[in-house]
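Colleague: Here's the letter readout for the chains.
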Amino acid sequence: MRDMSSTVIELRQIEKSYPGVKPLDRVDFTVRPGEVHALLGENGAGKSTLTRVIGGAVRPDAGTITYLGRTVAWKNPRQARETGIHIIHQELALFPELCVAENILVDAQPRGALGFISDKARHARAAEILAQLGVDIPTRAHIDELPLADQQMVEIAKALVGDLKLLILDEPTAVISGKEVDLLFANMRRLRGQGVGIVYISHRLEEIFEIADHVTILKDGQVVDSRPVGAMTRTEMITGMVGRQLEQIYPARRTVAPSGDTVLSIRGLAAGPRVRDVSLDVRPGEIVGVAGMVGSGRTEVAEAVFGMRGIDSGTIELDGKPLGDHRPRAAIDRGVGFLTENRKDEGLFLNLPISSNIVAPDLGRVTRRGLVDRSREREIARRQIADFAVATPSPEVKVGSLSGGNQQKVLFSRWSRISDRLLILDEPTRGVDIGAKVEIYRLIRKLADSGVGVLMISSELPEVVGLSDRVVVMAQGHVVGEVPGEALSEEAIMALAVKTVDRRNAAARLGEVA
Amino acid sequence: MAPLEATLPKSRKSVSMAAIFERFGLAIFLGVLLVAAALLSPTFLRPANLVNVLTIAAPLGMVVVGQAFVIMVRGLDLSVASLMATVAVLATAFKATSNDAIPVIFIAAIVLSALVGFVNGWLVAKRNVSPFLATLAMMIILQGVRFAYTGGAPISTLPPGMSFLASGRIWGIPVNLMTLAVMAVVLSIVLHRSRLGREIFMVGSNPKAAFLNGIAPDRVTIACYVICSVCAGIGGLFLLGYVGTVSNWVGQGYELDSIVAAVMGGVALSGGRGTILGALLGVAVLVVINNLVLLLGFPIEMQLIIKGIIIVGAAAFYRTRLV
Amino acid sequence: MSALLMDLRRNRLMMSYLIVGGLILLILVAGGVLSDRFLTWRNVTNVLQQLIVLGLVSLGQTFVVLMGGIDLAIGSLVSAVTVFLANFLDWRPDLVWLAVPLALAAAATVGAVNGILTVVLRVHPLIVTLGMSSVIFGGTLMYRKEPGGSIPRALEDIAYRNVGGIPVSAIVLVVVFAIAGLWLQRTRAGRNIYFVGGDAEAARLNGLAVGRITVMAYALSGLCAGIAGLFLTARTGVGDPRIGAALTLQSITPVVVGGTILAGGRGGVFGTFLGVLLVTMLNSLLNFVGVSSYYQWIIQGVIIIVAVGFHTVRRT
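Residue numbers (numbering that gives the first Met the number 0), protein chains in the order written: chain L, 0 to 513; chain Z, 0 to 322; chain E, 0 to 315.
Rather than coming from a laboratory, the hints here were simulated on the basis of the structure. Among the hints, erroneous ones may be present.
Once the Cα atoms are required to be at most 25 Å apart in a straight line, the calculated DSS-like pairs of lysine-lysine come out as [said to hold, decoys possible]:
| no. | chain 1 | residue 1 | chain 2 | residue 2 |
| --- | --- | --- | --- | --- |
| 1 | L | Lys218 | L | Lys21 |
| 2 | L | Lys320 | L | Lys397 |
| 3 | L | Lys74 | L | Lys164 |
| 4 | Z | Lys94 | L | Lys343 |
| 5 | L | Lys397 | Z | Lys125 |
| 6 | Z | Lys207 | Z | Lys94 |
These figures come from a predicted structure and were not determined experimentally.
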């Protein structure tokens with residue numbers, strides 16, 4: 000069984016400072032073999048720095064690291080990897096145009112007779128490892144042809160190439176859901192049974208209760224709590240992370256049914272391979288949650304509404320009139336906003352000031368005679384910063400230097416400014432710590448209460464259940480059901496989300512990518 | 000390390016220090032350079048020399064302010080020098096000897112330049128060709144076209160007024176410098192104050208996000224390439240009157256010099272960053288150093304070596320600041 | 000569906016090889032038809048002899064581009080090598096056995112310096128190699144402004160000697176390309192170049208020594224410039240500081256035609272080899288037919304655009 004006297008890795012009194020910040024302040028962290036150790040904390044609490052210290056990318060200013068009984072001080076990530084530590088980052092470290100086999104083996108590709116890499120041997124070895132994980136992914140496929148869930152499996156397969164002793168997973172379920180999470184957890188349990196130590200970083204408390212044995216909570220660089228999972232409650236976890244009692248995470252659901260004509264009306268929408276037949280309504284003042292597995296087509300529906308992708312058939316009407324012109328500009332001009340799921344790549348202008356980011360969709364209104372009215376822009380920005388509680392000294396600060404939660408608030412303020420009629424949110428609190436999450440939930444509710452229709456896509460079921468007035472569930476490009484507010488529960492949603500989904504094998508999954 | 004530090008909020012104090020250095024670093028460097036030049040060579044500050052320097056700098060400056068626009072949207076324009084020469088050849092194609100032809104020449108030059116810029120921009124924006132290759136191809140094509148026309152030989156049928164453009168003065172100030180000043184002011188207003196300019200910054204900073212905010216990145220990109228080419232075309236007109244005959248190689252080397260000057264001036268190759276003033280300061284630095292090398296009696300080849308070192312040094316300087 | 004997609008991606012590269020190969024054949028046929036001297040052994044030998052210089056600089060460029068960079072100093076480095084060799088051998092013609100390795104080592108070292116500057120200063124390779132090009136050119140000019148120097152007969156031979164009717168330089172070219180291709184596809188160091196070119200950050204996260212791999216690619220490019228310079232000196236008999244100036248930009252076309260995209264991580268030397276063949280033979284044909292070099296330039300520009308358009312994946 001579990002050997003309590005030995006440890007895989009033991010960090011003691013680790014300290015790390017950068018100019019102006021101290022991400023790690025006398026941190027103790029221990030992982031035992033065959034243990035899933037969850038690491039909880041708000042963004043900026045120090046989790047990623049700690050991960051980098053364990054991984055050898057960052058050297059601590061003080062403290063000791065004992066690995067497998069020996070004191071170590073790695074100079075670079077390579078040294079850590081060679082001793083059996085493998086980190087799976089949130090941004091997968093894969094090579095999109097190379098094949099799966101090469102991505103798994105990287106520079107450990109097997110050689111043939113003449114000392115040259117053997118094509119046959121490398122594919123055989125890669126297939127062997129994938130079989131261990133219980134996945135069926137063709138080793139000759141290129142990474143950019145695979146769905147995200149499979150890509151993550153490839154990433155995990157990499158960990159099994161060498162002699163794995165310690166595996167660190169950084170928010171692995173951010174981009175997968177349902178069956179894929181089950182598979183991931185099954186593999187984690189298998190590795191745990193083999194004596195591998197696992198560090199699991201996630202914001203999703205339900206998962207921690209499901210898979211973790213032990214949990215450590217970081218706040219502002221310090222360990223505030225470290226206990227077996229069984230000895231903690233959800234409330235205690237949240238309190239530990241936030242540092243205060245949070246009476247209520249989600250604002251009260253709307254009790255009065257929304258009145259007035261529908262804001263958004265979609266009928267029989269088909270748009271590309273991911274959207275087959277979708278019909279849904281959003282009324283003013285409603286928060287309609289859209290739930291479903293990754294790949295069910297939710298984001299694509301949003302993109303179709305916002306004019307980012309073409310429609311094959313069906314209608315999309317805003318306030319009773321069709322949304323013509325397929326460009327985001329047209330949607331914006333009619334009062335529709337879209338907060339996409341990928342804020343760094345698709346949302347923010349990182350090197351531009353907050354003010355520019357806020358007025359971005361609406362330049363026309365701050366332009367006079369062809370020139371941008373800077374003072375008006377600043378005025379708008381100041382008001383938004385105040386209304387949305389963005390933590391910053393001035394509107395001219397470059398948005399790239401803000402924390403994830405504040406960046407999301409800037410984006411939220413941008414879109415709610417121009418969304419008179421409809422605001423579409425895609426994973427609105429991804430990568431946002433619990434403190435900022437609560438604020439954002441309030442902001443969403445407030446916006447809806449002012450008469451705007453909100454369409455919220457989210458893979459975080461508690462969020463969907465907690466915030467939505469009703470939930471539309473999608474699977475494989477179809478709307479498979481709707482759950483009204485009174486009947487909302489995670490089970491009800493999941494039951495619908497898995498209803499028509501078969502045992503999808505890898506080949507079929509690949510087919511969906513096209 | 001580096002990427003991690005970038006995600007942590009910087010302390011207020013270090014932000015302002017870096018910001019100050021970034022904004023004024025080049026101006027300070029130029030100032031130091033000018034002082035050093037004055038000390039090292041008595042001839043430097045002589046009006047004749049200064050005017051000479053400025054006259055050489057002007058056409059390059061015209062090209063650079065245009066190039067800055069293209070670099071701002073993550074592009075490059077390698078065809079500018081070739082375009083300058085082609086414009087020069089076009090000017091002579093009119094075989095005009097009277098100054099009445101000058102306005103026509105100007106219009107023809109601008110039309111040709113705009114066309115070239117449009118093609119460049121179209122290839123980059125709509126066909127996804129890398130700017131390096133698209134403008135490289137354009138450079139070679141223009142070269143072929145003008146050599147085919149001239150048969151490789153220099154020509155010299157120009158209206159006498161053209162040389163006035165290159166080296167004439169009004170109230171003691173060189174005409175080309177005045178034109179550059181006007182261009183710089185106008186383009187600065189466009190880039191830093193107009194809506195188009197704001198869209199340019201956004202497209203350069205994050206093209207996908209720009210699209211999602213209702214901006215048309217393709218149109219903005221094409222506009223930048225057109226601006227760049229028109230500036231280069233104008234620069235070509237001002238350059239050709241400088242020499243007696245028009246060779247097929249007018250403006251040679253300007254494409255790389257313009258990129259160097261812009262980068263030195265803080266216009267980042269990654270896009271979305273920079274100022275017109277900075278680009279002009281970059282030109283000033285380049286030109287002053289070249290002049291200094293000559294005045295100090297160093298072999299002209301030294302210019303090349305020093306230029307090379309400065310290119311790399313300046314880029315390194317900005318790189319370490321911008322992390 | 001998915002299988003087709005996978006093959007289409009790889010097929011695009013294969014397709015381009017087929018197209019380029021077809022074009023080469025077309026040129027041969029056209030040449031034979033349009034001119035009775037095109038397909039003569041003499042002309043073929045002539046063309047084969049010319050391949051090596053462009054071929055080697057394109058190979059060098061391929062290493063660097065595959066890794067996600069670019070080498071704009073390669074041309075000036077070639078010139079520098081010719082000047083070095085011709086002047087050294089003018090002084091001591093008996094020391095060929097020393098001069099050649101020395102020149103190659105020096106060229107590789109200069110290439111490595113390019114790589115080191117890119118890595119250490121974290122400056123874009125475009126700027127670094129541009130700057131170095133200027134420095135190298137200036138330095139070479141300071142040493143020797145005009146073409147000059149001389150080489151011993153022994154060196155001339157490698158340019159003009161034939162083995163079994165085939166020029167030595169062509170054999171060397173094929174051998175070098177073959178070794179390069181094998182190295183890139185089937186050795187750890189070679190695959191590393193693809194990794195870094197595919198995604199440098201991912202490579203770093205996977206524990207690869209990105210800095211060292213970068214320097215290696217530029218050093219190889221420098222080495223190729225050295226060999227090219229060697230053959231160029233052998234052919235012309237002198238060292239000329241300006242002779243390589245055009246080579247830098249010329250080296251890009253075969254790389255692009257061959258399917259190695261500027262972003263890196265995709266493509267290979269076989270494509271470059273085909274590209275070199277195509278460009279050289281096309282030029283030869285056009286010369287024979289009397290098309291002025293001015294129109295050839297236009298054609299080359301168009302080829303670049305078409306090739307890139309073909310290989311660029313359009314993102315919706």
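Colleague: If a hint holds in the structure, say so; if it does not, say that too.
Modeller: Consistency of the hints with the structure:
{"no.": "1", "hint": "L:Lys218 / L:Lys21", "in the structure": "11 Å, holds"}
{"no.": "2", "hint": "L:Lys320 / L:Lys397", "in the structure": "39 Å, violated"}
{"no.": "3", "hint": "L:Lys74 / L:Lys164", "in the structure": "19 Å, holds"}
{"no.": "4", "hint": "Z:Lys94 / L:Lys343", "in the structure": "56 Å, violated"}
{"no.": "5", "hint": "L:Lys397 / Z:Lys125", "in the structure": "30 Å, violated"}
{"no.": "6", "hint": "Z:Lys207 / Z:Lys94", "in the structure": "48 Å, violated"}
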